[in-house]
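Trainee: What follows is the residue order along each chain.
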Amino acid sequence: MGEAGGLHVSPVLDPGAVQPPGAADTHGWLMTALTDRGISRRRFLGFASAMTALLALPQAMAPQVARALESTRKPVVVWLEFQDCAGNSESMLRSSHPTVADVVLDVLSWEYHETIMAGSGHQAEAVLERVKTGTDPYVLIVEGSIPTADGGVYCTIGGKTAIALLQDMAANAALVVAVGACAWDGGFPRLGPTGAVGVGDIIGNKPLVNLSGCPHNPANTAATLVHYLAFGKAPALDQYNRPLFAYGHLIHDQCERRANFDAGRFVEAWGDEGHRNGWCLYKMGCKGPQATFNCPIVRWNDGTNWPIGAGHGCIACASPQFWERMSPFYDRLPGVKMFGVDIDAQTIGIGAVGFVAVATAIHAGGVVARRSRERSRRATVATDGTVVPETTSEPAPSAPAGDGDQN
Amino acid sequence: MADRIVIDPVTRIEGHLRIEAQVDGGKVTAAYSSGTMFRGMELILKGRDPREAWIWAQRICGVCTTVHAHASVYSVEDALGVEIPPNARLIRNLIAGAQHIQDHVIHFYHLHALDWVDVTGALAADPAKTAALAQSISDWDRSSADYFAGVQARVKKLVDSGQLSLFASGYWGHPAYNLPPEADLMAVAHYLEALEWQRDVIRVHAVLGGKNPHPQTYLVGGMAAAVDPNSPNVINWERITFMQERIKTMRSFVEKVYVPDVKAVASFYPEWWQLGAGHKNYLAYGGLQQGNRTDEKSFGFNRGIIVGGDLSKVVGLDQQKITEAIAHSYYEYGGGDQAALHPWSGETNPKYSGPTPPFTQLDVEQKYSWLKSPRYDGMPMEVGPLARMLVAYGSGNKRVQDLVNGALAELKLQPAALFSTLGRVAARALETVYLLDLMDQWIGELASNMESGDLRIHDGSKWDPSTWPAEAEGWGFHEAPRGALGHWIKIKDRKIENYQAVVPSTWNAGPRDEKGQTGPYEASLEGTPVANPEQPLELLRTIHSFDPCLACAVHVVDANGKERVRVEVR
Numbered sequence: 001m002g003e004a005g006g007l008h009v010s011p012v013l014d015p016g017a018v019q020p021p022g023a024a025d026t027h028g029w030l031m032t033a034l035t036d037r038g039i040s041r042r043r044f045l046g047f048a049s050a051m052t053a054l055l056a057l058p059q060a061m062a063p064q065v066a067r068a069l070e071s072t073r074k075p076v077v078v079w080l081e082f083q084d085c086a087g088n089s090e091s092m093l094r095s096s097h098p099t100v101a102d103v104v105l106d107v108l109s110w111e112y113h114e115t116i117m118a119g120s121g122h123q124a125e126a127v128l129e130r131v132k133t134g135t136d137p138y139v140l141i142v143e144g145s146i147p148t149a150d151g152g153v154y155c156t157i158g159g160k161t162a163i164a165l166l167q168d169m170a171a172n173a174a175l176v177v178a179v180g181a182c183a184w185d186g187g188f189p190r191l192g193p194t195g196a197v198g199v200g201d202i203i204g205n206k207p208l209v210n211l212s213g214c215p216h217n218p219a220n221t222a223a224t225l226v227h228y229l230a231f232g233k234a235p236a237l238d239q240y241n242r243p244l245f246a247y248g249h250l251i252h253d254q255c256e257r258r259a260n261f262d263a264g265r266f267v268e269a270w271g272d273e274g275h276r277n278g279w280c281l282y283k284m285g286c287k288g289p290q291a292t293f294n295c296p297i298v299r300w301n302d303g304t305n306w307p308i309g310a311g312h313g314c315i316a317c318a319s320p321q322f323w324e325r326m327s328p329f330y331d332r333l334p335g336v337k338m339f340g341v342d343i344d345a346q347t348i349g350i351g352a353v354g355f356v357a358v359a360t361a362i363h364a365g366g367v368v369a370r371r372s373r374e375r376s377r378r379a380t381v382a383t384d385g386t387v388v389p390e391t392t393s394e395p396a397p398s399a400p401a402g403d404g405d406q407n
Numbered sequence: 001m002a003d004r005i006v007i008d009p010v011t012r013i014e015g016h017l018r019i020e021a022q023v024d025g026g027k028v029t030a031a032y033s034s035g036t037m038f039r040g041m042e043l044i045l046k047g048r049d050p051r052e053a054w055i056w057a058q059r060i061c062g063v064c065t066t067v068h069a070h071a072s073v074y075s076v077e078d079a080l081g082v083e084i085p086p087n088a089r090l091i092r093n094l095i096a097g098a099q100h101i102q103d104h105v106i107h108f109y110h111l112h113a114l115d116w117v118d119v120t121g122a123l124a125a126d127p128a129k130t131a132a133l134a135q136s137i138s139d140w141d142r143s144s145a146d147y148f149a150g151v152q153a154r155v156k157k158l159v160d161s162g163q164l165s166l167f168a169s170g171y172w173g174h175p176a177y178n179l180p181p182e183a184d185l186m187a188v189a190h191y192l193e194a195l196e197w198q199r200d201v202i203r204v205h206a207v208l209g210g211k212n213p214h215p216q217t218y219l220v221g222g223m224a225a226a227v228d229p230n231s232p233n234v235i236n237w238e239r240i241t242f243m244q245e246r247i248k249t250m251r252s253f254v255e256k257v258y259v260p261d262v263k264a265v266a267s268f269y270p271e272w273w274q275l276g277a278g279h280k281n282y283l284a285y286g287g288l289q290q291g292n293r294t295d296e297k298s299f300g301f302n303r304g305i306i307v308g309g310d311l312s313k314v315v316g317l318d319q320q321k322i323t324e325a326i327a328h329s330y331y332e333y334g335g336g337d338q339a340a341l342h343p344w345s346g347e348t349n350p351k352y353s354g355p356t357p358p359f360t361q362l363d364v365e366q367k368y369s370w371l372k373s374p375r376y377d378g379m380p381m382e383v384g385p386l387a388r389m390l391v392a393y394g395s396g397n398k399r400v401q402d403l404v405n406g407a408l409a410e411l412k413l414q415p416a417a418l419f420s421t422l423g424r425v426a427a428r429a430l431e432t433v434y435l436l437d438l439m440d441q442w443i444g445e446l447a448s449n450m451e452s453g454d455l456r457i458h459d460g461s462k463w464d465p466s467t468w469p470a471e472a473e474g475w476g477f478h479e480a481p482r483g484a485l486g487h488w489i490k491i492k493d494r495k496i497e498n499y500q501a502v503v504p505s506t507w508n509a510g511p512r513d514e515k516g517q518t519g520p521y522e523a524s525l526e527g528t529p530v531a532n533p534e535q536p537l538e539l540l541r542t543i544h545s546f547d548p549c550l551a552c553a554v555h556v557v558d559a560n561g562k563e564r565v566r567v568e569v570r
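If you read the sequences in order, they're chains E and L. Position 212 of the first sequence, counting from 1, maps to 212 under my numbering, and the rest follow consecutively. Position 36 of the second sequence, counting from 1, maps to 36 under my numbering, and the rest follow consecutively.
These are computed hints drawn from the structure, not numbers from a lab. Every value quoted in this text rests on a predicted model; they were computed, and no experiment measured them. Misleading hints may appear alongside valid ones.
What the hints assert, rightly or not - Result set (DSS-like, lysine-lysine): computed pairs, CA atoms no more than 25 Å apart in a straight line:
hint: 1; chain 1: E; residue 1: 160; chain 2: L; residue 2: 495
hint: 2; chain 1: L; residue 1: 263; chain 2: L; residue 2: 412
hint: 3; chain 1: L; residue 1: 46; chain 2: L; residue 2: 515
hint: 4; chain 1: L; residue 1: 157; chain 2: L; residue 2: 129
hint: 5; chain 1: L; residue 1: 313; chain 2: L; residue 2: 280
hint: 6; chain 1: L; residue 1: 495; chain 2: E; residue 2: 283
hint: 7; chain 1: L; residue 1: 515; chain 2: L; residue 2: 280
hint: 8; chain 1: E; residue 1: 283; chain 2: L; residue 2: 462
hint: 9; chain 1: L; residue 1: 256; chain 2: L; residue 2: 351
Stated by the list, open to error - Residues from chain L that keep clear of chain E, each with C-beta distances beyond 12 Å, as calculated:
hint: 10; residue: 39
hint: 11; residue: 124
hint: 12; residue: 194
hint: 13; residue: 232
hint: 14; residue: 268
hint: 15; residue: 365
hint: 16; residue: 366
hint: 17; residue: 378
hint: 18; residue: 408
hint: 19; residue: 414
hint: 20; residue: 459
hint: 21; residue: 470
hint: 22; residue: 516
By construction, the Cβ of each residue, glycine as well, lies at the ideal position given by its N, Cα and C atoms.
Input sequences plus hints: build the corresponding full structure.
Mentor: Written as structure tokens, this is what we have:
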């Protein structure tokens, strides 16, 4: 995989390129906006530094991120919704770094987004026309699947089909971003009668970033947009066009309950002592061992919590075609390796914990403790339970969504 | 001369809604409501484990996130005869209450306010006078002249940049905007504050459900959010106080900003207490159980029917009287388009027969919507906060009566004024205050239970499907922010045999039925004045007052395109 998955687009933020009306100030619209609101340059640089860290870039890059953020013309965003539940729109409203108001009003010019934009009807349609034919490069964000059956009659906006609208707006977009499971690979509507597909199936070879999850995590989306602002291209991507910084590691390896898994401490019934002590949810159907996502690290709602933290197993909502592949959600994943690093010869076989560990180890078919665990930091678990090191592959879907490997 | 107004997309809603209206002599003479998107959730649920139905059904809507999970687990528990432990009920209610409160505030500021507030008007405001206005209606502390000057500068910068972002396409300068510039500026400031407020307070969902949208914590039989005052990893004292702080934040913003703003905005639009009524039929399933699942006396929201605006007579709900018509919906019935079927014997055979896209106008004499037309005893019914408050008011709910009477007295209005566009806005705000009291009560009860050692969150007696009967069926009901929500499930051989949801926006946004009776949106728009058909701001006011949610409203179909859903009558 090449740099940024081989994805390159023209830099939006050439500070000299386009000057907005009245933009004579020297240190850029964002810095000006922040200064106006009492935010110091030091804090601004701190923000740039935090973004640099989230994107896993060397800190030496922080000044470049800061410089790009200080440019003068706000990049335009168009957010289209098709067969959606607006859950990804709502999730974007929960963005905390940057805050939602900063994102949609100050950092970007968020010109079309049906759930929250001012104008309706003809006035809304006119925005799309203006953006499409205008000179400002724009990022097209898509939420929801696209129905292809019966001429696309299952989703129309302004009398036009979702397919036609997507093709029309993607044609001139500098970058297309699919947020959420439905826009990525058709989500659950894929299983229904409307011929629902993901964005990648419609737009051909346009530069595409998939931000899977049900919903997407707004921290990752904001970071992807900031990377794009800073470097004029998407961050490094995996074979599904998902940013490595968000989808490169297994949930299981990042989970705060991992020590309990390794020690053989499992929740056996909802509300039991193990459940009240935050033990591992593997036996309750948790799909963390087969899902890659930075959910345990970034968490949700300003870092407040995540599903496993609330006592329920992971449903692998950021994984390919998770609805059909991961349901039944309360069944145990087969063939998950049990490492048992906290268990030694003295404890195995003694007491309930030892029994569980042994049973699980037998079930999983063997133990190689620390070295395997180290390896799995950059690895994933295939459906047969084997660990695949140094790649980010998940179980490949029968019909891969998007144009993954081509990029 | 008659004009045809088409609004598509209707924005600042959830989902895909199209409104067509005939305007003659400056007033709407006929309106047509069309849902323009279809997915097919019930087909997808068929054959799956009923215990996970909620995970799927929750994705019916991400704005009404959680409400479908709520109704879904209750439907399975109804089928299996499971009563959940008190802590699970409290956690569900806390999630539901937080959802209502956050959603209602978002609705007012981010989905509805721009129908009443001219953002560009804020530029002409005097920040000192704005401060005086704000301080005259509330003791909210962010009300200095400097503060409003800062907000105004931010708006000015946005306008001067030529990149107006979300505000680029509004009907700014429209003659129907009545607010003085100072009220515009105050409202814009609160729009921005509410954006920050909503993402903070909804962290209650993250504590209890891991995340929002789509909290992931429900279980058939209870909740997965474990409770233990002495464990660091679950709902403990620290988490309780964290949530109490968020609930305090909810209360302060609702009481000091949201409610005063609703009153202030309403005072500049008195004619809208007379517009937008519609049929004056209201329905509430009730919900927010505080005792046994089906004990109506324990409901936080009352159950009942009001017909023709007669508040003196709240009629009990009889599910047998619910039917759905498809005369103007893109479906077929085996018995013909004129049939109106009870969900028990309902069918859903999707068959699009509208114009071939791209199109400019619907043929409203034929079928024109993906929504069906639900009816109660043959009558169209409005659901939502207004229906809930009126049913509670007419049922003798003392707290609701006090809230409503207090507001009416302050605004110098009679109860009949509530049958209106502003009535819906006011009912939503009063309901939010009503729920704050319940939130305080519920979090207190959860803390007390923990203190007394009751840590139960789940009844596992029916978790194992081998304990289930060969066949079972159930009904789960809930009052979602937008109104009465019901899920019906039929279980056979431990799998979902059939599943159906009848949801709030189908009741409100559905098209004409086989008798030609309009749906609530359609009826409420008749008679609406339209100053400029090119900028139908007035229509949006009434449509937005319902808080449309179209993803919820259109989602039904089963494998054979036929539903066989049985409604359990209690």
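Trainee: Against the earlier hints, flag every one the structure doesn't satisfy and list their numbers going up.
Mentor: 1, 3, 9, 10, 12, 13 and 20
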